[in-house]
Amino acid sequence: MNNGNGMGRHRPDFAAIAGWIKLESSVLDLGCGDGTLLRYLKDTRRITGYGVEIDDASVLACVKNGVNVVQGDLERGLSGFEDNSFDYVVLSQTLQAMKNSEVIMREMLRVGREGIVTFPNFGYWKNRLEVLRGRMPVSENLPYEWFDTPNVHLCTVADFERFCSERNIRVVERKVLTRGRPVSALPNLLGALAVYHFGAAPRAQ
Amino acid sequence: MVTARLARFTEPLRLKSGAVINEYALAYETYGTLNSDRSNAVLICHALNASHHVAGWYAEDPKDIGWWDNMIGPGKPVDTNRFFVIGVNNLGGCHGSTGPCSINPQTGRPWGGSFPVITVEDWVAAQARLAEKLGIGQFAAVMGGSLGAMQSLQWTISHPEKLRHALVIACAPNLSAQNIAFNEVARQAIITDPDFHGGNYYEHGTKPQRGLRVARMVGHITYLSDDEMASKFGRQLKNGKLTYSFDTEFQIESYLRYQADKFSEYFDANTYLRITKALDYFDPAFEHGGNLSRAFARTQASFLVVSFTTDWRFSPERSREIVKALLDNRCRVTYAEIEAPHGHDAFLLDDERYHRLVTAYFDRIAAECGT
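Sequence order for the protein chains is A and B. For the first sequence, the numbering used here puts the final residue at 295, and the numbers step up evenly by one. For the second sequence, the numbering used here puts the final residue at 511, and the numbers step up evenly by one.
Each hint should be verified, as a subset may be incorrect.
Pairs of lysine-lysine, DSS-like flavour, derived with a Cα cap of 25 angstroms [claimed, not checked]: (1) B:LYS372 <-> B:LYS402; (2) B:LYS347 <-> B:LYS417; (3) A:LYS154 <-> B:LYS216; (4) A:LYS132 <-> B:LYS216; (5) A:LYS112 <-> A:LYS132; (6) B:LYS378 <-> B:LYS402; (7) B:LYS464 <-> A:LYS154; (8) B:LYS203 <-> B:LYS417; (9) B:LYS402 <-> B:LYS302.
Short, incomplete list of chain B residues facing chain A, as computed with Cβ under 8 angstroms [stated by the list, open to error]: (10) VAL160; (11) LYS302; (12) ARG472; (13) VAL473; (14) THR474; (15) TYR475; (16) ARG496; (17) ALA500; (18) ARG504.
These are computed hints drawn from the structure, not numbers from a lab. Glycine included, every Cβ here is placed at the ideal spot set by N, Cα and C.
Could you put together the complete structure from these sequences and hints?
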């Protein structure tokens, strides 16, 4: 699940994610790539972190980065992790490449008290324009051609929010970014990258 | 080039079984140089049939190359230019350490069948005394594969403050019923050999070589994967045509017989019996109501856990049990699953991904230890 995730440079969503992470908390980063985000959170938020990664080269990079990593396939769930064993479970730019997006969202909230997920917003106006022109969009946040993309479950900001509300997932906070800058108006149209902080909704009495 | 040495201990060692060994010796070898703050020592623990001779060769026998020489040496993943590496033959062994074929000073005769049953905990206790003798208060790392990896794990439980890193390769947190079953077949082959004489065969001038041969054959099958055997031997014939007899018809039979002959020449049957028992007894969770996580409650080390996809003896699932228990204790851990066709034996073989990973991990250890 190395979807261009954490290729050695700090991506715009990293700062947004770090802003929500409490000092000295525990973080599980799913599809952690070379461990750049965990390294960043370790340095800036003093977290205890672990990554999950399937790719051999990325696991090796994590070792070089001094980051804890467990090699495994996210599609097989998080059975190696206890319920509520992390403060945060992060899925950064990987949700759209998961075969079973629903299961992983559920697993994130089982293992973590809160989840953070980032994904490219397919509703971004440039993407819409490309589709209107009759082409699949290729951009900074969607860097693949239709024939080589690992992305199988692209969605829009509106889709994701409906998905959450239908499954009793409580959105704690949302940041929508374009070229690293926050977007406030018309996020589903003007935002290229969505960053969500969510938790389980409190049970009805 | 290396030389084996012998460390003698006169303080009695109480074993887990309750038996006491009053005095004993451990054969060991060292490679590289211990640095001034004694922070670069690495202990290598051996598995079933290996010894303290982990790397290099002997002046008198240049062909006798250490069993993990592809991993350990100058410029290798465990770089002896940076680390002071120790190989030790375990208590009960047959490569120079006190074992069943040694003379029991109390009787003046070989221990033979009266040599006590030993456990992984006992080995670690003896290794800790060797470390003390060599002036090593804390190992940079303790490393092993298979049964050797069980010793690394045990170090983190028995002496949590005496190692910084544990490398746990092709391991399992305990033996499955199937694993124990294979060991029992091996033991029965030895014990029922008429030349065994209750383990006192030295005095009878015999060796239960037939039993040991069968034991080795059974063991060997479990070290290889089905695919590896298929690609190496398939149904190839030994002599090009079938003879409809009990001679070796297939290459795999010839291979097993050759391995068995070689092994039964140099290995001691009593040692083999005891090592298989040590494997069977290893189960750190046992004393914690089956809860492996609790077994690691005092563990302080960082871990590299490695498994191999085609290892069916100690499968990746077994390593994941270890990883989960370590995660439950918030231990620093890296887990890698190496795709390798060779089965359990993969931990001894050259594999680029595997060796690159161990190299990177030891770079990290070196940075921490300032070597």
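Numbers of the earlier hints that this structure fails to satisfy, in rising order: 4, 8, 9, 10, 11
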